[in-house]
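Using the sequences provided together with the hints, build the complete structure.
Chains H and S are the protein sequences, given in the same order.
Numbering (the working numbering) for the first sequence: 780 to 1390.
Numbering (the working numbering) for the second sequence: 97 to 447.
Don't take every hint at face value.
Restraint ranges, calculated between C-beta atoms of paired labels, are given here [stated by the list, open to error]:
{"hint": "1", "chain 1": "H", "residue 1": "E856", "chain 2": "S", "residue 2": "L100", "range": "16 to 26 Å"}
{"hint": "2", "chain 1": "H", "residue 1": "P1213", "chain 2": "S", "residue 2": "F179", "range": "50 to 60 Å"}
{"hint": "3", "chain 1": "S", "residue 1": "G428", "chain 2": "H", "residue 2": "D1236", "range": "43 to 53 Å"}
Within a straight-line C-alpha distance of at most 20 Å, the following computed EDC-like cross-link-like pairs (lysine to aspartate or glutamate) qualify [as the list claims (entries may be wrong)]:
{"hint": "4", "chain 1": "S", "residue 1": "K290", "chain 2": "H", "residue 2": "D1236"}
{"hint": "5", "chain 1": "S", "residue 1": "K104", "chain 2": "H", "residue 2": "E862"}
{"hint": "6", "chain 1": "S", "residue 1": "K290", "chain 2": "H", "residue 2": "E1312"}
{"hint": "7", "chain 1": "S", "residue 1": "K104", "chain 2": "H", "residue 2": "D855"}
{"hint": "8", "chain 1": "S", "residue 1": "K112", "chain 2": "H", "residue 2": "E856"}
{"hint": "9", "chain 1": "S", "residue 1": "K102", "chain 2": "H", "residue 2": "D855"}
{"hint": "10", "chain 1": "S", "residue 1": "K104", "chain 2": "H", "residue 2": "D1230"}
{"hint": "11", "chain 1": "S", "residue 1": "K104", "chain 2": "H", "residue 2": "E1232"}
{"hint": "12", "chain 1": "S", "residue 1": "K111", "chain 2": "H", "residue 2": "D855"}
{"hint": "13", "chain 1": "S", "residue 1": "K102", "chain 2": "H", "residue 2": "E1312"}
{"hint": "14", "chain 1": "S", "residue 1": "K102", "chain 2": "H", "residue 2": "D1236"}
{"hint": "15", "chain 1": "S", "residue 1": "K112", "chain 2": "H", "residue 2": "D1300"}
{"hint": "16", "chain 1": "H", "residue 1": "K1335", "chain 2": "S", "residue 2": "E398"}
{"hint": "17", "chain 1": "H", "residue 1": "K1335", "chain 2": "S", "residue 2": "D332"}
Some, not all, of what chain S presents toward chain H, calculated at C-beta under 10 Å [said to hold, decoys possible]:
{"hint": "18", "residue": "N113"}
{"hint": "19", "residue": "A316"}
{"hint": "20", "residue": "T381"}
Since the hints were made in silico from the structure, they are not lab data.
As the structure is a prediction and not an experimental result, all values here were calculated from the model.
Don't be surprised by glycine CBs; every beta carbon is placed ideally from N, CA and C.
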Amino acid sequence: MQPTDIKKPDYFHKVVDCQWACPAHTPVPEYIRLIAAGKYGDAYMVNWESNVFPGILGRTCDRPCEPACRRGRVEDENSPKPEPVAICRLKRVAADLKDGEEIAARINTNKKKKSNGKKIACVGAGPASLTVARDLAPLGYEVTVFDQDPKPGGMIWSQIPRFRLPEEVIDEEVGYILNLGVSFVQKKITSMKSLLTEGYDAVFVGSGAPRGRDLDIPGRKEAAKNIHIGIDWLSSVSFGHTTKIGRRVIVLGGGNTAMDCCRTSRRIGGDDVKVIVRSGFAEMKASPWEKEDAAHEGIPILNFLVPKSFQVTNGKLSGMVFEKVKAEYKDGKRNLVNAGEPDQFFECDDVLVAVGQENAFPWIERDSGVEFDKSGMPKLDPVTFKASLPNVFFGGDSAFGPKNIIWAVAHGHDAAISIDKLLNAENIAERPMPGMSMLSQKMGIHEWSYDNEIANDQRFPVPWADIKKTLKNVKMEVELGFDAATAWKEAQRCLNCDVQTVFTTQLCIECDACVDICPMDCITFTPDGDEKELRGRLSAPALNLIQDLYISGPLKTNRIMVKDEDVCLHCGLCAERCPTGAWDMQKSLIKMTTAGPAARSPLKRRDRKAA
Amino acid sequence: MTYLTKPKLHHPTLKKNKVGYTRRDYEGRVSTLCAGCGHDSISAAIIEACFELDVQPHRLAKLSGIGCSSKTPDYFLGNSHGFNTVHGRMPSVLTGANLANRDLIYLGVSGDGDSASIGLGQFAHVMRRGVNMLYVLENNGVYGLTKGQFSATADAGSKAKRGAINTDSAIDTVSLALLMGATFVARSFSGDKKQLTPLIKAGLAHSGAAFIDVISPCVAFNNHAGSTKSYEYIRDHNEAVNRLDFWPNREAINIDYDEGAVIEVPQHDGSVIKLRKTNTAYDPTDRIGAATQIQAHAAKGEVLTGLLYVNPDSEDLHAHLNTFPQAFNTLGEKELCPGSGMLEKINAALR
Ligand SMILES: Cc1ncc(C[n+]2csc(CCOP(=O)(O)OP(=O)(O)O)c2C)c(N)n1
Ligand code: SF4
Ligand SMILES: [Mg+2]
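In structure tokens form, the structure reads like this:
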């Protein structure tokens, strides 16, 4: 095989599973180490730079990092319940325990000194737009963010209930962005065409996926008064317009919105609340922990029930009829077919429909120059987020349909790079490389500047407030967050996957010390072969094909060193037992390049210097 | 040394053997030897071999003398019996233990200083008595623990780290063991576990005196240019006569071999050693031939490795002495102290 080129930032980036999986590529182990060291402000800033909303995301993120976390894999067959590090809730710790004034001051140093004379309009004040604003304002752009709602935040505000995300947290983190000199204007934009005539150098559309899907089945019209579209209803609760719901509530849908709907109902009058889903429980779209939270509040989830009709008695909704189905698999495709059981009837006073969201752009005229595809989505370049007009960009849910906050942030970063390059007369298709630095962690013969001891603890649960109280108050936060001591312990579970095992072929004397000490049997010295065959004959089989093999050049005996990155603990024992320093532990700090001079074309930069 | 204990976590696919243990269960405490010491690789091979042989840890006793090599039993088989004896005296303690309890598996671990310098006499006698054991000599040509003085196995003409040349001639422990009557004699290299591990397995299963001399570079004091026990020197001069597969019982053999190049050596206990010859002229059951070949290759500057001699009809000390077939600790007071009548009888027979 070809020896691994460790100079390519992607190689070691992939080893840091959490960072690789994070859409914004947050350097997770770096901030976890800072939390363990009690440097909450630094940990917060690492997050703030990459994901913009540490306090918000630390409570609400969909956490693609956690299923990717190596800890879950290495606990496999080792622990009764293998679990990833609580990456998301540790992020919250940084936000909870930092000194707010210190952070405000640190962020303030990014404040633009003077305008560069260019104006940007962001439509919608959700996470995507706010990220664009955060990235561009410090560069001197005059950014105006428009939203129909009275407060900026978009879906963070309107769709996430306050018992999961308190108001102060939103105000604080949105405030940091506005303080950079970003203007917020409460105004519903009703025409793209007229917006384009208002003198903006670029327009960013981050208006979200604002239309909840309806359910057109018999009885819908007659019972309309007691049937509500989930996201609209949540937003109305968030803004205080809705304060009550009937005693018996059915929530339709299996996503996170459905979970928010049922838990909100429980707090404002619903005491017989159930979630009813078409699919099986396991296939529900909701994150597992959100399902757990609903279960904890005594909300049953009934599955394999397809809504058939709304029942109306005396002109009022009285219940719903469902068809019982079962899953059948044909050619790997799932079909829901009648289970041959009688239909089921459930009584209820209100129904919340949370069966999906659609994008809607009634305000973008079809002759504005922004083109749409057949499904009504804007035609976009998936890398630059550019629409069919050169200075119009999309991001967040309005770009590719409903995802979640962290994706919106990632889109925002990319769109900001495009806008900045465009307005610097650059080719926006040329994208910047991430920055990577490698730093040896060796301090002495057996001393490393990171904590390489592997903690055996299982994941620590986040404490909850008393359910008797939280169910009575729609604004009372349910999760309390880790305290400093528990956060420290949870941080010890992190394997420091960014502290890389770096191998120098010329120094190796093939003494086998690393092979013998490696607790996970990651290392093999063996004759070369092709990857597939090689994976089968290593010290332990390398079955996880997503994880790379680290391959050395030929050694003195003509064999090669092969390291399966899959379940490496990054404990550094190979390097400790290496007599020649052929193994070293080096921290790979990978930072995504954000909008600004660093993201502009290196060629042009050189030209500029020469000139 | 390493200050960290080896993490408990293991690879998710780590297997259990027939007696319900994983390979990791055969480990000991974390090694305090120098990083890269060949001895640690030998420990790893012993761990692997015991795992593969389904050894019950409490059925094995590990004994050693003094030296870095003799420290290693602390680093493997943490749940077995151990006796760290005095310098060069492991063979007599092992012999005594074996006489008292013949039911255990005996593993002697020693160094070249421990065996060929101070303990040469004990080494010779334990071989000629045919004590049922595997004797592993971790041979680095120096006294590692006392900072690298030449040992009795250092080749004449080899150079110490500080430049001194060894003028004494070397004791070849393999030839000596052969001469003394060991019935299983092998040499291997710590850097070649593929060769070493099956040899350890076969040696543990052999009934009689089994001896493996394992060349094991001392990275601290004998791994430089001019040394004849360095990683590089051994890799360049290693001449393997065979590769071995060890089968604990006959039925298990189901691998196709390119016949001709393979010989089978059935063992007393029903196990089988399969040897894939890499040197067709070499017959490991021919004791005199083996001795000649070892000398001939040594004269050419080559280090012959592999299973050098095995006697399929070996017998052990207990057979020689016709001892009682049971371990003493299974006997009651009546058997151990048969009374004055029996004493009278014995005395009468001697008059
Ligand atoms: C009776 C006695 N004499 C001398 C010593 C000092 N001593 C300790 S270890 C050693 C040599 C060990 O050499 P070797 O058996 O080759 O072990 P290595 O450290 O090389 O593995 C000596 C001479 C001792 N401990 N006891
Ligand atoms: S001194 Fe030599 S024999 Fe002893 S531990 Fe160090 S390398 Fe091994
Ligand atoms: Mg020695």
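Margin query: T381/S was flagged as interface toward chain H. Is the shortest Cβ-Cβ separation under 10 Å?
Written below: T381/S check fails; min Cβ-Cβ to chain H is 31 Å, beyond 10 Å.
ask   = Has the given pair, K290/S with D1236/H, been kept, meaning a C-alpha gap of at most 20 Å?
value = 36 Å, violated
Does E856/H sit within 20 Å of K112/S, going by the straight-line distance between their CA atoms? 12 Å, holds
Hint check: K104/S vs E862/H, CA-CA at most 20 Å. Holds or violated? Given pair K104/S, E862/H holds - Cα atoms ~16 Å apart, limit 20 Å.
Verify the proposed pairing of K111/S with D855/H, using a straight-line Cα cut of 20 Å. 13 Å, holds
Does the nearest C-beta of chain H fall within a distance shorter than 10 Å of the C-beta of N113/S? 16 Å, violated
Inset, instruction - Take a quick look at whether K112/S and D1300/H sit within 20 Å of each other, Cα to Cα. - result: 15 Å, holds
TODO: Could you grab the alpha-carbon distance between K1335/H and D332/S and see if it respects the 20 Å cut-off?
DONE: 10 Å, holds
- Query: Regarding the pair K102/S and D1236/H, is the alpha-carbon distance no greater than 20 Å?
  - Reply: 16 Å, holds
- prompt: How does the Cβ-Cβ distance of G428/S and D1236/H compare with 43 to 53 Å: does it lie in that range?
  reply: 50 Å, holds
Q. Could one say that the CB atoms of E856/H and L100/S fall in the range 16 to 26 Å?
A. Since the Cβ atoms of E856/H and L100/S sit about 22 Å apart, the hinted range of 16 to 26 Å holds.
Check your understanding: Keeping to a limit of 20 Å between CA atoms, is the pair of K102/S and E1312/H held or broken?
Key -> 30 Å, violated
Hint compliance for this structure: hints 4, 13, 18, 20 are broken, all remaining hints hold.
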